[in-house]
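Could you build all of it, start to finish, from the sequences and the hints given here?
Number of protein chains: 4
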Amino acid sequence: MCGIVGVVSATPVNQLIYDSLLLLQHRGQDAAGIATANGSTFHMHKANGLVRDVFRTRNMRGLPGAAGIGQVRYPTAGSASSEEEAQPFYVNAPYGIILAHNGNLTNWQQLREEMFRRDRRHINTHSDTEVLLNVLADELQRASNGTSLDPEIIFAAVAGMHRRVRGSYAIAAQIAGYGMLAVRDPFGIRPLCLGSIETATGKEWMVASESVALEGIGYKLERDVAPGEAIFIDLDGKLYTKQCADNPLLNSCIFEYVYLARPDSCIDGVPVYDARLRMGDYLAEKIRSEVSAGDIDVVMPIPDSSRPAAMQVANKLGLNYREGFFKNRYVGRTFIMPGQAVRKKSVRQKLNAMGVEFKGKNVLIVDDSIVRGTTSFEIVQMARDAGANKVIFASAAPPVKFPNVYGIDMPTRSELVAHGRSHDEICRMIGADQLVYQDVEAMKQAVRDINPALKDFEASCFDGKYITGDIDEAYLDRLETARSEADREGGGDTERSQLHLQRSGGNE
Amino acid sequence: MCGIVGVVSATPVNQLIYDSLLLLQHRGQDAAGIATANGSTFHMHKANGLVRDVFRTRNMRGLPGAAGIGQVRYPTAGSASSEEEAQPFYVNAPYGIILAHNGNLTNWQQLREEMFRRDRRHINTHSDTEVLLNVLADELQRASNGTSLDPEIIFAAVAGMHRRVRGSYAIAAQIAGYGMLAVRDPFGIRPLCLGSIETATGKEWMVASESVALEGIGYKLERDVAPGEAIFIDLDGKLYTKQCADNPLLNSCIFEYVYLARPDSCIDGVPVYDARLRMGDYLAEKIRSEVSAGDIDVVMPIPDSSRPAAMQVANKLGLNYREGFFKNRYVGRTFIMPGQAVRKKSVRQKLNAMGVEFKGKNVLIVDDSIVRGTTSFEIVQMARDAGANKVIFASAAPPVKFPNVYGIDMPTRSELVAHGRSHDEICRMIGADQLVYQDVEAMKQAVRDINPALKDFEASCFDGKYITGDIDEAYLDRLETARSEADREGGGDTERSQLHLQRSGGNE
Amino acid sequence: MCGIVGVVSATPVNQLIYDSLLLLQHRGQDAAGIATANGSTFHMHKANGLVRDVFRTRNMRGLPGAAGIGQVRYPTAGSASSEEEAQPFYVNAPYGIILAHNGNLTNWQQLREEMFRRDRRHINTHSDTEVLLNVLADELQRASNGTSLDPEIIFAAVAGMHRRVRGSYAIAAQIAGYGMLAVRDPFGIRPLCLGSIETATGKEWMVASESVALEGIGYKLERDVAPGEAIFIDLDGKLYTKQCADNPLLNSCIFEYVYLARPDSCIDGVPVYDARLRMGDYLAEKIRSEVSAGDIDVVMPIPDSSRPAAMQVANKLGLNYREGFFKNRYVGRTFIMPGQAVRKKSVRQKLNAMGVEFKGKNVLIVDDSIVRGTTSFEIVQMARDAGANKVIFASAAPPVKFPNVYGIDMPTRSELVAHGRSHDEICRMIGADQLVYQDVEAMKQAVRDINPALKDFEASCFDGKYITGDIDEAYLDRLETARSEADREGGGDTERSQLHLQRSGGNE
Amino acid sequence: MCGIVGVVSATPVNQLIYDSLLLLQHRGQDAAGIATANGSTFHMHKANGLVRDVFRTRNMRGLPGAAGIGQVRYPTAGSASSEEEAQPFYVNAPYGIILAHNGNLTNWQQLREEMFRRDRRHINTHSDTEVLLNVLADELQRASNGTSLDPEIIFAAVAGMHRRVRGSYAIAAQIAGYGMLAVRDPFGIRPLCLGSIETATGKEWMVASESVALEGIGYKLERDVAPGEAIFIDLDGKLYTKQCADNPLLNSCIFEYVYLARPDSCIDGVPVYDARLRMGDYLAEKIRSEVSAGDIDVVMPIPDSSRPAAMQVANKLGLNYREGFFKNRYVGRTFIMPGQAVRKKSVRQKLNAMGVEFKGKNVLIVDDSIVRGTTSFEIVQMARDAGANKVIFASAAPPVKFPNVYGIDMPTRSELVAHGRSHDEICRMIGADQLVYQDVEAMKQAVRDINPALKDFEASCFDGKYITGDIDEAYLDRLETARSEADREGGGDTERSQLHLQRSGGNE
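Chains as they are written, first to last, in UniProt numbering: chain A, 1 to 508; chain B, 1 to 508; chain C, 1 to 508; chain D, 1 to 508.
Keep in mind that the hints were calculated from the coordinates and are not lab data. Note that the structure is a prediction, hence the values are computed from the model and not measured. Ideal Cβ positions, reconstructed from N, Cα and C, are used throughout, including at glycine. Just to be clear, a hint being listed does not mean it is correct.
Calculated Cβ distances over 12 Å to all of chain B for the following chain A residues [what the hints assert, rightly or not]:
#: 1; residue: Ser40
#: 2; residue: Asn107
#: 3; residue: Leu250
#: 4; residue: His419
Taking CB as the label site, the calculated pair distances span [unchecked claim]:
#: 5; chain 1: D; residue 1: Arg61; chain 2: B; residue 2: Pro452; range: 53 to 59 Å
#: 6; chain 1: C; residue 1: Ile336; chain 2: B; residue 2: Asp53; range: 26 to 32 Å
#: 7; chain 1: A; residue 1: Thr11; chain 2: C; residue 2: Glu113; range: 27 to 33 Å
#: 8; chain 1: C; residue 1: Arg223; chain 2: D; residue 2: Glu285; range: 46 to 52 Å
#: 9; chain 1: D; residue 1: Gly339; chain 2: A; residue 2: Ser82; range: 14 to 20 Å
#: 10; chain 1: C; residue 1: Glu290; chain 2: B; residue 2: Pro338; range: 50 to 56 Å
#: 11; chain 1: D; residue 1: Gln340; chain 2: C; residue 2: Glu198; range: 18 to 24 Å
#: 12; chain 1: A; residue 1: Ile336; chain 2: D; residue 2: Gly339; range: 16 to 22 Å
#: 13; chain 1: A; residue 1: Ile336; chain 2: D; residue 2: Arg58; range: 26 to 32 Å
#: 14; chain 1: B; residue 1: Lys203; chain 2: C; residue 2: Gly39; range: 54 to 60 Å
#: 15; chain 1: A; residue 1: Ser82; chain 2: D; residue 2: Asp477; range: 53 to 59 Å
#: 16; chain 1: A; residue 1: Lys238; chain 2: C; residue 2: Glu113; range: 23 to 29 Å
Derived lysine-lysine pairs resembling DSSO-like cross-links, with alpha carbons at most 27 Å apart [as the list claims (entries may be wrong)]:
#: 17; chain 1: A; residue 1: Lys390; chain 2: B; residue 2: Lys390
#: 18; chain 1: D; residue 1: Lys359; chain 2: C; residue 2: Lys350
#: 19; chain 1: D; residue 1: Lys350; chain 2: C; residue 2: Lys203
#: 20; chain 1: B; residue 1: Lys350; chain 2: A; residue 2: Lys350
#: 21; chain 1: B; residue 1: Lys350; chain 2: B; residue 2: Lys286
#: 22; chain 1: D; residue 1: Lys203; chain 2: C; residue 2: Lys350
#: 23; chain 1: A; residue 1: Lys327; chain 2: B; residue 2: Lys220
#: 24; chain 1: C; residue 1: Lys316; chain 2: D; residue 2: Lys327
#: 25; chain 1: D; residue 1: Lys238; chain 2: D; residue 2: Lys203
#: 26; chain 1: B; residue 1: Lys220; chain 2: A; residue 2: Lys316
#: 27; chain 1: D; residue 1: Lys350; chain 2: C; residue 2: Lys350
#: 28; chain 1: A; residue 1: Lys327; chain 2: B; residue 2: Lys390
#: 29; chain 1: D; residue 1: Lys327; chain 2: C; residue 2: Lys350
#: 30; chain 1: B; residue 1: Lys359; chain 2: B; residue 2: Lys390
#: 31; chain 1: C; residue 1: Lys220; chain 2: D; residue 2: Lys359
#: 32; chain 1: A; residue 1: Lys316; chain 2: B; residue 2: Lys316
#: 33; chain 1: B; residue 1: Lys350; chain 2: A; residue 2: Lys327
#: 34; chain 1: B; residue 1: Lys220; chain 2: A; residue 2: Lys350
In structure tokens, the structure reads:
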């Protein structure tokens, strides 16, 4: 998962992109980058780290220009988090293009080889983004035949790109001297939306992964980009759009609603917050059917992402809602000192339980989802240590059983607590007295209740169905082998486990 | 307000102090420092910034030793936030002492002059901490007459110090080759607690501003340090204590319960979280008496600090509790670019309203307190923009009317919305339909309900009573003049307003 | 002027390139860069600054691989010294190429426009290196027609490049997965030499701007690269060479012998040191014919570059050689402090005169050349202040009258003290009692004496003849206009004047 | 060896001190520091590294004030080069004093213990400078008895200090609110001189280790500070001086003339350059008596420090003076890469031989001194490799046989090539055909020739006489044991050997 943004304006955009990346920071804390177009000259700065750490005054000074793109990166499965793979990427031929993307191509390795063999395009890193950019460049070359560009040629190139790449991708790109191109993959797996602002000199446009990145800086959300659609905004600010896919079919990633997106964003017509409330409604029903009425004294969320669901569960069941866990916002490091033992980090540095809310009570803890189960186990333990009489654990999402290949960093199957285990086994693993999972269909219906136009979703983590049709058992095996090799090669380990730790607080 | 910590161990303490400072980070984001004692040699690193930014691996490598102190600083009224004034401070004569402190001396300027005149002690900065350290050094010199130290001599020096300094102070210090000294002022205005851990080599001790800084790293809270008490732990880990004040009288700062401390800390026998719940109870009663029953559809907190009070208000009044505001955790900067207009920061980058919770509803917003009123005004406005029918604003603390001289950064009287304004005027200033304030007595009683031993509190912001007896109108006038001069001299302005902005989320 | 290096080895080359760049540091202190090829993946680090400041351990760790190129940059006339224009440059299509170059293209602007118009190659900066790289890429595309590369195809592309570009260029490049390409322009204006080393696994090759960069790290100088020649070394270390120019004609830059190169380098068969001695011989003859025998007490060099010539002058004239000037090696900065006057830098911080060597003496000062005349003026003044009776100034090079367009940073004509002034006027401008200039023909003959194969030289600064045939009055006018505009736009000024100041000690 | 500077002015001094430290950079490249006094507030910045690397704009901004001191540090025998021991040092009681010093106290350990035992002054580091500062502070306390200071009291304190400390010391200090104090030890071992400048507002004073640091920034050298003398300049610029030692006796360090000081400095009435010429004269006589007339073709210096002696040798013997060695100014690092072999640094990266000057010739190489002999060995080898027929090596200083305890970093006796070896053995060790050493008496006479007032010198390295009377065999043994332990403890090794490598170019 990553966050992207793209804009064409009449005034400098560096601060604008910076501010919108801050609003997307929850989508990726691994690396950040901004590239601007000043006339037909590009300027770029990118590095590993948080937005606030990556950009200093001198970097911002080096980013002049009234158009640009930005990205925050969350490393996707199997990819190393190297600085050289920070986005955006640039190719100079043809035309000069910079591109940032959110998603994951499932056939990037074939494309990489094919492009070198056929077109002698050298892809220097193992980033699928660099592959995607070169496919686009190659298609532009073919579609234009070396002439000047116009929107029709650009859209023809996007159509060519759609035919070649598989997987998920939401793109923001700039073509030197021409303007900004934004594209969403034909299944619309990853989100992308369009916003506008009225200025003294006319209407200006912006695209972003989430509506909050537009609204938070004063833009109005116009609409979501359609699956397969391309939007081109020339340097005068004129907007052109075209459906460039043969069979577009919206299958938004359900995980955006469950956990990834900010609650104050609206994705494909569905306010994320509202979807989470609705999931709470369905979860309440499930709980009602599985847990005896008098067995629960209080309902408690894990801050911050499960609050809406928990609130709604309490509301529906007529139970007391209490915030018994307090979350520490300040995260530090463990330093390796020569000849000095490493102190084990206590979970208490991240989360703390308020005794008064637990003592002698039957507590229903609501989390957004359960992935490895290790954090859930520690939370249950904390509740017991704080004096809870009984701990019932409910997950607003169904069991996570399958890996994700569309851009969400998930552990391998063997690490997923719900993979190959019965309900009772999972419950024992996390140490709860009782465990309640949302149903897959209820989760989907929760979103569909708000926007009935959403027929289906990319929900492979839960239902094992990979919409792009190119994922089989062998693919997943290769992926997990590559991943565990990368982990073994080191460095990664610490980094990765830290990221998973941060996951527990996800979209905040 | 600041956070301090001090420890004597048998193993290296750099990571330990680092971790505990992270847990106290909410008490000061302005500067951070750690000093360790390796045998009788001190090592120190301190700088402006967050703990995670101030300490890199090479700094930590430079902090060997099994005893040490640490501090996070929040600039107090009137003091510039210069790097040279970061804590801890060091004096080499007599004995070699490093010291960190939380609080504010009200007579530091007189002491500074007196010490130079009488003892030729040069105080290089305008930090009251440097003054305090020199008073302690001077008293140690007198008490010891140049001999070797023992606990009795040290306690005699503390008694001398108590007699000379006025104001609030919680101290953690190390005397080279001897051990750690911790002191709390005779009114116990600022908090300080003692913890212990059982190790393979025996019991070890630690002091910290809040219990969470002990418990979060595995120590057990033993007790609060008594007002006026001094605790000395020698390098073998042996603990000595003595009451060193003539008339100690516990008057904990009420603001710790209202807003400053973490909810998962326990101060002077009162879990902060419980105190906040109790304030919610009293606030509920007040609301019941002032607002018509059917006028409220939902109760809503401002994340994160007013949640306990809001929850309790909802609970007591039998109203729906809803979290309609979402808080963005990632804060960035506004860059000054030559020849480029500065974009106004939108509050939406910090806080966002979920439409569904506001649309057509009468909303009761609960905040922990109202200081300048500007943030309250913006919040009310956001609620209305999100479709609220009616906005009632309740403050879990009484009107803030007076400046603080004991270490909490407060604006001058003229900037306090409640200073010199009627209830209705304040309500108009923040734009609410109705405004409910907690009563001063109810606020105090809320804490007292939990620990009846707490007779009174330092609550000058609310009641204008300055417990140390040395604060008059002239003092406050001088303070505010100095402060506005410092503001005018520049730099400060931006910094300060930013700090105030951060205040709205205070103890998280 | 810049320095470049390229190598293919069987073991990591990062430290090797680093060390060789240190040996070429005198050729450019403005920026430094290294790019390595690890298999077919490139890694690069470049930034403004000295080699020792640009590369830290973490940068070196990021440069794995057994082949690579490096560059140190001296900003050439008219180009801004921006970080984005630091070398090497990279293009990914076709094949993936990284390239560093020393020299200056005189038709880069036409090429830049033509390539975008014809081939849609976007050149993002104003660096002629990026243009040169794209011409090479374009020619590789044409020559290969998208097939696999072999040396013949690569040499065909170089031949195509020679036909399109004008000016001076010595190139070190790497083609991903293939190997290293080194090229010298058809006039051989800028130097480039080839070295080898015998290792356990066979012979390895390296190219560098000066032989000292090979010999200083253990390589043996094999020979100079011929004008127009291309050398390709595949990743197995096999060497291929071919003459790729239609009419190659060696015209080495005479300024390398006068001033630029290190004395311990050997360029086109001529040890630079020996050339300088020989220039001293000719200068001695000129002095003998113009200055009365008894008029000189001592001969004195300006450290460090004029030592060989001065030694030889003294030797030939049978005069005393004395080092009366001492040079300070440590250069600092002048800080701009708000509200604080800037102290004028004294020349004494750079150079100092030993009184005993000047007092009452007639001093013949020998410098390598006179450019603006300002430094010469100050030196004469220092000699007089130190008590010199009479100051005769001799320049081992003839009057510098014309700008350089082949990669040496020279002031505009109006700033050259010898441009449009008579001999006497120049003498008055620098304040000397007498002035002796080398003759143009003698300077050339000095080098030719050592290697008679060198028929002629690029000596346009002295004789105004521009060998590439495309430089006319209009070109020079445009150049100087562009330059003075760049200067006016700021920053540049200080930087530039500092560089000129450093020039006085040039190749040390 | 270190370099110090101190100044009282009417305008800001940060840039002034910075510039003068650059001029003293040859005296210490290990660490640099500046402390300024702004009214009675001190500001300080110090760190490991060269002056140009230690001070950035923000550091300079933090150094306001019209008085101050500065220091560049060369680590002295046995002391670790830690950042915490960078100078200046500060104590706050009494009065507030900052101090920088050049030299080495031979009884600092006794003083350190005594001060803690008697006065409870805690010395935090192992720097003798911190000890010296505390002795001064202690004496000021005693002399003043806590009253206001005046010059007489200050001079009394200096007298007390002279009586307590042993060794060499030249001091620049500032007393808060009073002014600058400069002191030279009673034997005047380390140099210190006084300069002045006439400004619009009157005469201003400055002290520095070498006259070049005054003259290079526009001050006039007034005179050397007398051994034992103290100079006090109050904040109004008024100068007071007094002889504070009981038996002052000038014994300048002879090594300053041999090698340490810059040739353009004048120490104790002797221009260093002139002394080196004179040493050349005596060396020439010695050579004449030991080497057959026809045996030498050319005389050659090792750049840069032996040039004056070599020139004079050539001159006196009527031989050809040739510069056959070229020195590379750019020094880099060797990076430790995981799993990568470290390339051996070639001497050719530091020094290169010009073939034409050696081929078939009998070469007399003149160096300033021979310490370990390893560099001499390599130089002889280079000469032979370059084709020399015969290599005769001459040292302008006598054999270095004993360690230095007065502030010059020397290897232990066992590492000195001349320690315990016969003349012939030394000659064989360095691989020369013949070896000529200056005589001890000739070396001293060379300096005395210029200023006959200099009766004797601190020349213990050569003659084994330790002027301070407190150095015996046991002391030297302890020193060497401590040193080799420090070396074994690591880090130091690399650092140290690098420093010794740099030594070969010493005062440049």
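Going down the list of hints, with the structure as the test:
With 12 Å as the threshold on Cβ separation, the claim that Ser40/A sits away from chain B holds: the shortest Cβ distance comes to roughly 20 Å. The Cβ of Asn107/A lies farther than 12 Å from every Cβ of chain B, with a closest approach of about 34 Å, so its non-interface assignment holds. Residue-level check passed: Leu250/A sits 23 Å from the nearest beta carbon of chain B, beyond 12 Å. Its beta-carbon lying about 31 Å from the closest one in chain B, His419/A satisfies the requirement of being farther than 12 Å from that chain.
A beta carbon spacing of about 55 Å between Arg61/D and Pro452/B agrees with the range 53 to 59 Å that was offered as a hint. Between Ile336/C and Asp53/B the Cβ separation comes to about 27 Å, which falls inside the hinted range of 26 to 32 Å. The hinted window of 27 to 33 Å between Thr11/A and Glu113/C holds, with their beta carbons roughly 29 Å apart. At about 48 Å, the CB distance of Arg223/C to Glu285/D agrees with the hint of 46 to 52 Å.
For Gly339/D paired with Ser82/A, a C-beta distance near 18 Å keeps the hint of 14 to 20 Å intact. In this structure, Glu290/C and Pro338/B meet the distance hint of 50 to 56 Å, their C-beta atoms being roughly 55 Å apart. In this structure the supplied range 18 to 24 Å holds for Gln340/D paired with Glu198/C, their Cβ-Cβ distance being about 21 Å. Look at Ile336/A against Gly339/D: about 19 Å separates their beta carbons, and that is inside 16 to 22 Å.
Restraint check, Ile336/A to Arg58/D: a C-beta distance of roughly 30 Å satisfies the suggested window 26 to 32 Å. Between Lys203/B and Gly39/C the Cβ separation comes to about 58 Å, which falls inside the hinted range of 54 to 60 Å. Between Ser82/A and Asp477/D the C-beta distance comes to about 54 Å, which sits within the given range of 53 to 59 Å. A hinted range of 23 to 29 Å for the beta carbons of Lys238/A and Glu113/C is consistent with their spacing of about 26 Å.
Between Lys390/A and Lys390/B, the direct Cα distance comes to roughly 40 Å. Violation of the 27 Å bound is thereby established for this hinted pair. About 35 Å separates the Cα atoms of Lys359/D and Lys350/C, which puts this hinted pair outside 27 Å; it is violated. Restraint check for Lys350/D and Lys203/C: the C-alpha separation of about 26 Å stays at or below 27 Å, so the hint holds. For a cut-off of 27 Å, the pair hint linking Lys350/B to Lys350/A stands: about 22 Å separates their Cα positions.
For the hint pairing Lys350/B with Lys286/B, the CA-to-CA distance comes to about 30 Å; that exceeds 27 Å, so the pair is violated. The straight-line distance between the Cα atoms of Lys203/D and Lys350/C is roughly 26 Å, inside the 27 Å bound, and the hint therefore holds. The suggested pairing of Lys327/A with Lys220/B holds, with an alpha-carbon distance near 20 Å, which does not exceed 27 Å. Distance check on the hinted pair: Lys316/C and Lys327/D sit about 25 Å apart at the alpha-carbon level, within 27 Å; holds.
Of the pairs offered as hints, the one joining Lys238/D and Lys203/D holds, with about 9 Å between alpha carbons and a cut-off of 27 Å not exceeded. Between Lys220/B and Lys316/A, the direct Cα distance comes to roughly 40 Å. Violation of the 27 Å bound is thereby established for this hinted pair. Taken as a hint, the Lys350/D and Lys350/C pair is honoured in the structure, with Cα atoms around 22 Å apart against an allowance of 27 Å. For the suggested pair Lys327/A and Lys390/B, the alpha carbons sit about 32 Å apart, so the restraint of at most 27 Å is broken.
Between the alpha carbons of Lys327/D and Lys350/C the distance comes to roughly 18 Å, so the proposed pair stays at or under 27 Å and holds. The hinted pair formed by Lys359/B and Lys390/B meets the criterion: a straight-line CA distance of about 10 Å does not exceed 27 Å. Pair hint Lys220/C plus Lys359/D holds up; C-alpha atoms about 19 Å apart against a cutoff of 27 Å. This hinted pair checks out: Lys316/A and Lys316/B have alpha carbons roughly 19 Å apart, not beyond 27 Å.
Between the alpha carbons of Lys350/B and Lys327/A the distance comes to roughly 18 Å, so the proposed pair stays at or under 27 Å and holds. Among the hinted pairs, Lys220/B with Lys350/A is consistent with the structure: their alpha-carbon atoms are about 18 Å apart, no more than 27 Å.
Comparing the model with each numbered hint stated earlier shows that hints 17, 18, 21, 26, 28 do not hold.
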